[in-house]
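Q: Listed below, chain by chain, are the residues.
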Amino acid sequence: MSARRLRRRMVSGLMTGLVAALSFTAVLALVLIVGHLIAKGASSLDGNFFTKNPVPAGESGGGVANAIVGTGIVVGLAGLLGLPVGIGTGLYLAEYGSGRLGWIVRFVADVLNGTPSIVVGIFAWTWLVKPMGHFSALAGSVALAVLMVPMIARTTEEMVRLVPHSLREAALALGYPRWRTSLRIVARTALAGIVTGCLVGVARVAGETAPLLFTALGNLNYSTHINHPMQTLSLQIYTYATGPFEDWHRLAWAAALVLMGLVLMLALAARWAIRQRHGAAR
Amino acid sequence: MAPPADPRVPLEASRLTALFGRRAVVKDVSVTFPVRTVTAVIGPSGCGKSTFLRCLNRMHELSEGGWVTGKVLLDGHDIYEPDVDAVRLRRRIGMVFQRPTPFPTMSIYDNVAAGLRVNGRRNRSELDDVVERSLRHAALWDEVKDRLRTSALSLSGGQQQRLCVARALAPEPEVLLLDEPTASLDPAGTQRIEELCHELKTRYTIVIVTHNLQQAARVSDYTGFFYLGELVEIGRTEALFTKPAKEQTEAYITGRFG
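In order, the protein sequence lines correspond to chains A and B.
Each residue of the first sequence is one higher than the one before, starting from 1 at the first, in this note's numbering.
Each residue of the second sequence is one higher than the one before, starting from 1 at the first, in this note's numbering.
Next comes chain B alone, as it looks inside the complex:
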């Protein structure tokens, strides 16, 4: 494989527009996500930030009437090229959702191994290794190592969410997309996930959508502000929160609307 043009830019959206039928909910967004950084996406409800995130692993097109124009480049290749297999692509980009979504019929172990098994990797000792490593990375190993065979539903909400992180990490994705991962968690669970972001960015490129401005300030290196489907402003997190360039951004982060 040819080396990517710029190794510091593994993920990039270029003039990306996402639509439901004829209604555009993300409008002409161009942005780059530098490797091994956390980028937070903030904005009021319905501003298109979740839809934007779902375009990055081609989940948006699975929604009824969902389609996109523009490009999303992963390692320099457009993931919307016709010859790209969306199913295989999603194995390279992990995603964690708002609510914990462990597979209820599977054990803790099987949940983490699911992404590998679907990829045809069934070697027992290899799976054991990956499951342990993924659970360690998700800071869950010590809590579940003695009950890997029990149902994933026996875990608390916060543990379930970390299990979902472990499940997303197991196939060793290049990018991790987090869609309001702490929306349904208590403060302790939220803190664990945020700490996790700091640890994981040493290995992954992370994009996190959040409603919580303090969270964006705590976990991210870059922050982008979405409003009415447009990317109003993106920059280093400290800069955006202390000296926003656009008036709309300032109005939002100071709580004047949204």
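Same shape as in the complex, but just chain A:
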């Protein structure tokens, strides 16, 4: 083997090793977090955890059923509010947003995307909690929806832009009005991508805590009134982890594990949707 070839092989091996080590470091963080969560939280995951509500401080036992239901309601309502607006905005940007207004909307969405979530929470507090006079799940949902909209809008826009122009032309040449082309042909073709974007968006806000601190507030009791304060998993973790009781810490670990699992499931669903899309597009 010539010296040159040897050298080339060595450099190649070195670089491959380096890249592998770096990738390992990145994955290691996730493995450590998940591993730690399982180690600390898995033992507390029993029937009570999922079905019982919190018990008064100091007593042992109890669960976080209120927080699980609350997360479902707050995040679900946020999706109900945010997804249509986000998808609509994304469609508009992709199909009609070439002008000045489109540029402005895109710019606002990007700024909003970079806004710290706690700032959005403060605004929800100013505009909803203060005028209404009390904390509410609804205010929390609105804050999460506001966080969701720019994310969903930009992903939807990108997904819709991926639809080949020739498909649009084919529909228009067939006598489709422009709005029907957008909805029936373009949006349907991009549907799997849009769904993926929505799932990722929902997953991201599901773990948000800061904007909920002064909107949904949290609630140690079971509540399904969207007009009242409501507990969510993220708020429960915050309260319990910073509390003084050993039992609370235990439940906080378990709640964190459940929240992580929820986000992971949404991410997996998104992956699955992507696979469907690639399956459909030849």
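Fair warning: there could be bad hints in the mix.
What the hints assert, rightly or not - Think about it this way: if two alpha-carbon atoms lie no more than 25 Å apart in a straight line, the pair counts; the simulated DMTMM-like pairs of lysine to aspartate or glutamate are: (1) Lys201(B) with Glu64(B); (2) Lys71(B) with Asp46(A); (3) Lys27(B) with Glu169(A); (4) Lys71(B) with Glu12(B); (5) Lys27(B) with Glu247(B); (6) Lys27(B) with Glu64(B).
To be clear, the hints were calculated from the coordinates, so they are not data collected in a lab.
Assemble the complex: chain A is given as a structure, and chain B must be docked to it using the hints.
A: Just chain B now, kept in the frame of chain A:
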């Protein structure tokens, strides 16, 4: 409706100029397309032949900065009159593009029925009839009749293109515009489409844009040669290919440029 002035002339361009912004890409073209004939439009790349075709069903105006002056008469009526609804007009003129463009989310059946459904025709048995007839006319029926509900993307490229022909035929247009329909097909697929042209001209007026001179000679009754946005010459296909009147035409068809 009043009968057209000359029933033998359903489609006619008159002093048609097509522009992108201030740049004219089709310049002052006047031409008539006799009914139930195939007219081929040939010319080097960028000569404006595709843009010209897109003016005939008002697709050009959908391109960024696209607009036209002059007239296009369909059955004696100018399609660029302000009271003409471009969307409805396009239902009377079918178009097939360079690359097959089946709607990927729809089945074979739904692809063919799309043009009818958008027109508000939803009667099930009527749709069944039209879908079968259109697929037969496009010479695809025998290959797909057992799998009408499967995705249109399961078809081969050539089959997809014939599906697009069927889709264009389903609303029963008066005119069929083909924009290099065989550009992405293999020889067998190309041959099928060319045979189709011969069969379809018994019912439709066809305008076909092509890069392929042999194809123009094979399928068309008339051939027009475009160069730099101008219609240099148009005439019966045999005449144009054997005794072109203009030197530019001769230079192009003998392969001296383009």
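Q: Each of the hints needs a verdict: does it hold here or not?
A: To see whether the hints hold, each was checked on the structure:
1. Lys201(B) with Glu64(B): violated (33 Å)
2. Lys71(B) with Asp46(A): It is violated: about 78 Å lies between the C-alpha atoms, which goes past 25 Å.
3. Lys27(B) with Glu169(A): Distance of about 24 Å is within 25 Å: holds.
4. Lys71(B) with Glu12(B): Status holds; Cα separation ~8 Å.
5. Lys27(B) with Glu247(B): Between Lys27(B) and Glu247(B) the Cα gap is close to 19 Å, so the pair holds against 25 Å.
6. Lys27(B) with Glu64(B): Holds, at roughly 18 Å.
Comparing the model with each earlier hint shows violations of hints 1, 2; every other hint is respected.
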